[in-house]
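One letter stands for each residue in the lines below.
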Amino acid sequence: MKQLVILSGKGGTGKTTVTAALAHLATQDCRVVLADADVDAANLGLVLAPVTEETHDFTGGRIAGIDPAVCIACGRCAEVCRFDAVRVCTHPGDAYAVDPLACEGCAACVYECPAHAITMTPQRAGQWFVAATRYGPLYHAHLFAGQENSGKLVTLVKQMARLRALDDAADLLLVDGPPGIGCPVIAALSGADMALIVTEPTVSGAHDLERALGLAAHFNIPAMVLLNKADLSPAQAEAIVAYCATQSIPLVGRLPYDPAVTEAMARGEPVTAGNGPVSAALHEVWMRLRQQIFDNAS
Amino acid sequence: MKLAIASGKGGTGKTTVAVSLALSLAATDAASAPLFLDCDVEEPNAALFLRPEITAQRDVGLLIPVVDMVRCTTCGRCAAVCEYHAITVIGKQVLVFPELCHGCGSCTRQCPEGAIHEELNVMGTLEYGRAETIEFYHGTLNVGEAMAVPIIRQLKAWAIPPDVGDRPVILDAPPGASCPVVETMRGADAVLLVTEPTPFGLHDLRVAVQVARDELGLPVAVVVNRDGIGDGGVDAYCAAEGLPILLRIPLERAIAEGIARGDSLIAIHPEYQTQLVELWKTIAELP
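If you read the sequences in order, they're chains A and B.
Every letter in the first sequence is one number past the one before it in our numbering, and letter 264, counting from 1, is 277.
Every letter in the second sequence is one number past the one before it in our numbering, and letter 159, counting from 1, is 252.
Chain A with its partners taken away, still in its complex shape:
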């Protein structure tokens, strides 16, 4: 079983569109398990019509809570908190209170409170789901608004998807990654056999591509590049192609800028379900990827 992770650095370059299309094409010649590792803003399900089979709670870290009846309002908790998460309440009695969105769960205040008024409580920070789709099982999650530990939830989703892929003797675990290069992206990339980085010929796309490739190299994961909206700026496109060549990063294809992509999204289906230039280009991309993943990366 091989694991392919779709990343981009910059958001909105087309990761989910490409993942959905690859899911569609890959199931025509191998067995696939899907994971959506963007737990802040999970969109893969919107184009795969998933039928939810299992729903589980995700418990993130613990956060501090102050019992106002025990608090002596000495302010020691606010002094030791480095996350600006403890504030004096305006309520009667002037007890202190914890801002749950700012608390990083370090428990420093618990150890320092002379009145023993502070306890740590696990947070229900999100949910994760197992769903059936026409292209195979989908593992995805929803981190509740503003919560921490997205990396931990990504790791959980991927772990469950990987176990399923092993159980089902699947050939490919296809992971739709989050934007950026921080903790959820590192979690998405961890254990991958290969990263496909979707970029666009813009100054931002090129800048973020370099950082995404740097991240893959940092973790010794082979990377390939797909240039989306390739005809938007010929000069920027050529600069990206030249950069990939100097770094010996394979370019697996170029997709034209085409409203058909958004139209397919609005219909809730992969762009490869229809015919057209983007669909045709993605067929070729999959053939190249298949060769890279199964022939070269073994």
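Just to be clear, a hint being listed does not mean it is correct.
Below, computed lysine to aspartate or glutamate pairings styled on DMTMM-like, alpha-carbon distance capped at 20 Å [as the list claims (entries may be wrong)]:
hint : chain 1 : residue 1 : chain 2 : residue 2
1    : A       : Lys15     : A       : Glu223
2    : A       : Lys165    : B       : Glu192
3    : A       : Lys165    : B       : Glu176
4    : A       : Lys15     : A       : Asp181
5    : B       : Lys185    : B       : Asp161
6    : B       : Lys95     : B       : Asp259
7    : B       : Lys374    : B       : Asp259
8    : A       : Lys15     : A       : Asp206
9    : B       : Lys95     : A       : Asp206
These are calculated hints, taken from the structure and not from any lab test.
Model the placement of chain B on the given structure of chain A, informed by the hints.
Same frame as chain A, now just chain B:
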């Protein structure tokens, strides 16, 4: 006013709107020249458009524990109080894992021998420079580092003086809806959400509204970018939720090509300047 510009979904045009809003305010008068903070420290792109002349730089990160093994008795108290498993005692050794440490200082304070002191573990850089009258600040997370929040927190502390007063402050947020976005929005007076009228845009707009309005209690307004693609879902949602749509930027190839080159929206279409200044005034009056 301190305005955070966010989106949920990536690539909807946060930086496009933030940059042109800053340029439009700066063009009105000297007192309106904003402080601009690019808080997307994983992928900071605003400098590509504002092109500031960087004149100050500093390393940032977290204070992590360093153990003096002469005084350490390997009692294990440090490991017992660490919620992140970032410090552990194995035999007569103490191991610190900087990538897990949040820099909370618990182990340092709790060590009965006073054997721990803290040193800066550099995770990124902050930079300052002027772009004409705009005071520009951004942070950059080093490749391979996981934690964006400490960089954003220190960027804000460095850039926004306590006496900032009525000076406009624009915070360009990262995509998503988790802790880096919350850190960007904390302390802001209002949030402007840039979306696109597609199912992906709508799904992620809802999540961003939950963070900004429902969790943080901030006034929220919306910009619809690439108006004309997709469907009517975003309009229907904003109407139902009472979210004002203050600006619509059409789907237009000339705009996409200009942004691709690194031009600002108001360089491509100067008429947006007046609309953006109006947008700023309208947000300042939101309840």
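#### Entry: Indices of hints not satisfied (ascending)
Failing hints, ascending: 1, 9.
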